[in-house]
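K.L.:
Here the protein sequences line up with chains A and B, keeping their order. For the first sequence, my numbering assigns the number 1 to the initial residue and increments by one for each residue that follows. For the second sequence, my numbering assigns the number 603 to the initial residue and increments by one for each residue that follows.
Among the clues, some could well be false.
[Said to hold, decoys possible] The calculated lysine-lysine pairs, modelled on BS3-like cross-linking and capped at a C-alpha distance of 30 Å, are:
hint, chain 1, residue 1, chain 2, residue 2
1, B, K1156, B, K733
2, A, K464, A, K475
3, B, K812, A, K207
4, A, K394, A, K440
5, B, K1139, B, K1032
6, A, K131, B, K996
7, B, K1156, A, K131
8, A, K371, A, K430
9, B, K733, A, K207
10, A, K207, B, K1032
11, A, K207, B, K609
12, A, K7, B, K1156
13, A, K7, B, K996
[What the hints assert, rightly or not] Derived Cβ-Cβ restraints for the label pairs, each shown as a range:
hint, chain 1, residue 1, chain 2, residue 2, range
14, A, G222, B, M820, 50 to 56 Å
15, B, V606, A, D70, 35 to 41 Å
16, A, D196, B, L980, 35 to 41 Å
17, B, V675, A, R355, 24 to 30 Å
18, A, S193, B, T879, 26 to 32 Å
19, A, T240, B, P982, 53 to 59 Å
20, A, D70, B, S795, 20 to 26 Å
21, A, H197, B, D737, 37 to 43 Å
22, B, D677, A, D196, 34 to 40 Å
23, B, T842, A, Q45, 43 to 49 Å
24, A, G222, B, A1149, 27 to 33 Å
No lab work stands behind these hints, which were simulated from the structure alone. Backbone N, C-alpha and C fix where the C-beta goes; we use that ideal spot for every residue, glycine too.
There are 2 protein chains.
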Amino acid sequence: MRNVFCKVPLWEASRTLAAVAGGREPAERVILHARLVNVCTAEVQEDIGVAIARGRIAMVGDVGHCIGPDTDVLDAAGQYIAPGFLDGHIHIESSMLSAGEYAKAVIPHGTTGIYPDPHEICNVLGPEGVKWMMDDAARSPLKTMFVMPSCVPAVPGFEDTGSFVGPADVAAAMGWERMVGLGEMMNFPGILSGSDHAHDIVGATLKADKIVTGHYSMPETGPGLNAYIASGIRCCHESTRAEDALAKMRLGMYAQLREGSAWHDLHEVAKAITEHTVDTRFACLISDDTHPHTLTALGHMDHILRRAVEEGIDPVTAIQMATINTAQCYQMDHELGSITPGKCADMVFLEDLERFAVTRVLIDGEIVAEKGRMLAELPPYAYPEQALHSMHIKDAITPESFVVPAPAGKDEVEIRAIQVIPARVGDYEKHVTLKVQDGKLESDTEQDVLKTVVFERHHATGAKGVGFVKGFGIKRGALASTVAHDAHNLLVMGTNDADMALAANTLIQCGGGMAAVQDGKVLGCAPLPIAGLMNDKPAAEMAGLVAGLEEAWKQIGCTLPSPFMTMALIPLACLPELRLTDRGLVDCTAFRFVPLETGEEA
Amino acid sequence: MRNVFCKVPLWEASRTLAAVAGGREPAERVILHARLVNVCTAEVQEDIGVAIARGRIAMVGDVGHCIGPDTDVLDAAGQYIAPGFLDGHIHIESSMLSAGEYAKAVIPHGTTGIYPDPHEICNVLGPEGVKWMMDDAARSPLKTMFVMPSCVPAVPGFEDTGSFVGPADVAAAMGWERMVGLGEMMNFPGILSGSDHAHDIVGATLKADKIVTGHYSMPETGPGLNAYIASGIRCCHESTRAEDALAKMRLGMYAQLREGSAWHDLHEVAKAITEHTVDTRFACLISDDTHPHTLTALGHMDHILRRAVEEGIDPVTAIQMATINTAQCYQMDHELGSITPGKCADMVFLEDLERFAVTRVLIDGEIVAEKGRMLAELPPYAYPEQALHSMHIKDAITPESFVVPAPAGKDEVEIRAIQVIPARVGDYEKHVTLKVQDGKLESDTEQDVLKTVVFERHHATGAKGVGFVKGFGIKRGALASTVAHDAHNLLVMGTNDADMALAANTLIQCGGGMAAVQDGKVLGCAPLPIAGLMNDKPAAEMAGLVAGLEEAWKQIGCTLPSPFMTMALIPLACLPELRLTDRGLVDCTAFRFVPLETGEEA
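Here chain A stands alone, though its shape is the one from the complex (with noise of 0.2 Å):
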């Protein structure tokens, strides 16, 4: 994969590192007596000096006659260096971060490349959203790696997304020279199935050379998987069990080991290395989806590395899993994930290989952070008006809205309604009575059910989808989201109709967000002006406005932990068993919609 993420090409900085190395010309920087975690050979080197120029790294050894009066010396003494750790999976908008905001929150953890699939802002603004965030990206220093979203919408035919992406859109995206692959194939049915649909779209990813990412699911590793991988797949985020990631490794797909905000996969999928004696070269650590707050309390793969050694996992072994594995996955080990000649200088400075204290972070041979500040200057961007206006609502918004009308002439409905799981992404369809009150369906805060609505808000074609949801023990009041996968329209839930329409008309003056209503008062929102799924605000100041809404959905009564997650998961047809879609209630192990009385056919 051609580096088009660093300061100078390789060929035209090749004259200055042989000049640097051969000591006719000083470095710009140099770093002395580290501790070289070396990737290569899986080694700890003691005492050993980098040399870097024009944003390379010239030499590795024994750097002093590379130093000039104007040379940078880091005295590294007690430190570890190991190249700039890489994410290999992760979705920005999971931060509700710009992409500028969510660098300046990594970096410091010793982040220096991710690879990011903007599947969440491509469903509501299309490939155009999806360019509007590598500008984003483009001017912080972290290297950020695009890949094309392959599933907008993710089940076509059910809900109505913002936008909708087929081959030729991929064929097209593979031609925007900071895209290197192919977002999360999450329709592994349709690549199990031979759909013409999922095929052409990787597809059009493997003619231009780049690289497929993966999403399969399935605890299956026999025939489905093979055909998956056959396919051209070349990694894959979805092990929950060691035995997933063994067989994922075993035939030859990258294992992206999970340990996301919400996923904490690595309990268990690191036993696939710490208990069986394997070359762990298709092993990599990802975080896939990271909110606000495990950026600031916990951080980012220092964190997960934490994790991995904590689980078992050799330290050096661990960091080979978050730089050259994850670099050779996407065939660009020639310019990133070691230190080594002639590579983008990226890396890391740590106290130690366990609780991976990072102290310094350079990319491209520049200090961007030191001791957990970030250094580094991001000019400002400004998403067009088009992405910060993206709630397209047909209809303004009343109490009236979500009155949901009896059948004639009954006195009570057996209705379906989605019962959630705590801490779990599946959900069940339960059935449930409900009284029938002024000829109308209501909440019951008794069985714990609660009204939602779906309004569709991309191009105002005014669908809207009611249901009932049970289990967020939610006494009085309301919620409101556009963070509502994977098509994100307005999803509102509530007692009571007043505080629903509250609710839902802040998030449309807001321009998108999260927020928690009770009579007649709003008591916590986050705005997300960006697509209505991210803010332009600092990691600590979104931190601080999810905790407060996180206050707030506790103080309306809701006993779940991660409500966000479970509820932004409501409208998710493409996961069993009941979900609400702006079109209606969607049966999604029969892939159908379904009325929300019991008894009828749709």
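Add chain B to chain A, keeping to what the hints say.
P.N.:
For chain B alone, coordinates are given in the frame of chain A:
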């Protein structure tokens, strides 16, 4: 690197592969009950099946459901299967075989892919000759992934070659779809000193996102090696000590451990991985130069694997070094180098992991060899007339062509002789006093000094270099060869002018080759009509011709081992100390021409 060396691109085969893995379509061929050498995880897995369709692997594991009525079933019970062997650095010309015949010689030994550097034919015929060799190679199933010669001529200004390769030629060649990178950059002095010519040639390759292969033959592993690697060079086969190889691996360079016909490096360099606990992903096995008799008597990569295991390398590690590591070096691991879904079905059946007895070879899913016998038929390839008539010598060669007039008025003359060293590439400048006979200088078998002449043979310039060589032990007769590195002019050596003229004219008549003559009789001749370097005869036949020639050499008194190699290096002006090209005697330490007579200035 996009793979064009396959039956069908993956994007055309993916639907079929998914259908076969899923059991909806039968496989074309399956292998059952194999002991799989899994090079991804470095394990041997028992009782594994492989399903194949459209030249690719659809599934690995339990493949019973992939068998249909027309599926060819291969029972591999008791056998190992491994990915087909890859040779990451090789000169086909050294085998004296055409590319097609070379393929026939190595495929039965388990080789399924090679990365040839057609340096010799390019010196004679230029990029056009490289293209012809590519066409020759294309008729065989062997994946022949060419790299473009980088150093033509090897030492500009000191010899006349048939061609010149500059940065623009390299840039053009990178556009040829079967060209995967740049041939060994032997001009490491140019790289280290920042020569534009050398850096632009490397740069043209990097810009095309292709692989730059190396040749760094100095024992220095500090500034020089760093400068060389920093300039973008990814691999090197010139390690002769374990510390050379280890230094390269630590610096992120693929250390290609060599075991050729004349270069037996493995005994030493294997210690880089047997005496150090290091990750071996940066270690590869390669052959570089293999003579026809080695191919027929010992084999190819199977022989090198055997040698690696003899030197204490773990067999699975050794196989990784001849498969996935090489594929990763060339960033073609998504297509080659492992038995995993989606990859080209290139694989080898082995009886054991010690002798590496190859019983069956598959390329693109077809059985191409069985029990040492090549099964695939190759269509003929006819090199164009230009390639078959490469002897362009200005004047007719007669005994008078070899007359060396002595300086007037001297009875004896002290001259510079080239003192060869048995089985070593270096030589010495040795001063020898010759008696003047009839006003001429002649060979002196008493002192083991032979008259030697190099005739320019590419552009009929009439250039002719004259010198004396010491150490071959020849008593009566003459030798001639057009295998004379790297310019491959016509090199003639002998005790008398008549035999020398006959040896030269014998080669002119047969289009080049190697000949031995005594008393007006041709004792042995190996015609190499393709560029004066190769012959389209089968390996066994060529080995026979070479054996006959060896006999002739002995008959005329030669005492050296591998006399061909020693003779062929006489003109190689990039090796120390004294060499003879068609332009004259070259002091290869100071890089200047020197006169035959000592004490004179050039």
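K.L.:
Against each hint, give a clear statement of whether it holds in the structure.
P.N.:
To see whether the hints hold, each was checked on the structure:
{"no.": "1", "hint": "B:K1156 x B:K733", "result": "violated (38 Å)"}
{"no.": "2", "hint": "A:K464 x A:K475", "result": "holds (24 Å)"}
{"no.": "3", "hint": "B:K812 x A:K207", "result": "holds (16 Å)"}
{"no.": "4", "hint": "A:K394 x A:K440", "result": "holds (23 Å)"}
{"no.": "5", "hint": "B:K1139 x B:K1032", "result": "violated (40 Å)"}
{"no.": "6", "hint": "A:K131 x B:K996", "result": "violated (64 Å)"}
{"no.": "7", "hint": "B:K1156 x A:K131", "result": "violated (73 Å)"}
{"no.": "8", "hint": "A:K371 x A:K430", "result": "violated (51 Å)"}
{"no.": "9", "hint": "B:K733 x A:K207", "result": "holds (25 Å)"}
{"no.": "10", "hint": "A:K207 x B:K1032", "result": "violated (59 Å)"}
{"no.": "11", "hint": "A:K207 x B:K609", "result": "holds (15 Å)"}
{"no.": "12", "hint": "A:K7 x B:K1156", "result": "violated (61 Å)"}
{"no.": "13", "hint": "A:K7 x B:K996", "result": "violated (54 Å)"}
{"no.": "14", "hint": "A:G222 x B:M820: 50 to 56 Å", "result": "holds (52 Å)"}
{"no.": "15", "hint": "B:V606 x A:D70: 35 to 41 Å", "result": "violated (48 Å)"}
{"no.": "16", "hint": "A:D196 x B:L980: 35 to 41 Å", "result": "holds (37 Å)"}
{"no.": "17", "hint": "B:V675 x A:R355: 24 to 30 Å", "result": "violated (55 Å)"}
{"no.": "18", "hint": "A:S193 x B:T879: 26 to 32 Å", "result": "violated (47 Å)"}
{"no.": "19", "hint": "A:T240 x B:P982: 53 to 59 Å", "result": "holds (57 Å)"}
{"no.": "20", "hint": "A:D70 x B:S795: 20 to 26 Å", "result": "holds (23 Å)"}
{"no.": "21", "hint": "A:H197 x B:D737: 37 to 43 Å", "result": "holds (39 Å)"}
{"no.": "22", "hint": "B:D677 x A:D196: 34 to 40 Å", "result": "holds (36 Å)"}
{"no.": "23", "hint": "B:T842 x A:Q45: 43 to 49 Å", "result": "violated (23 Å)"}
{"no.": "24", "hint": "A:G222 x B:A1149: 27 to 33 Å", "result": "violated (54 Å)"}
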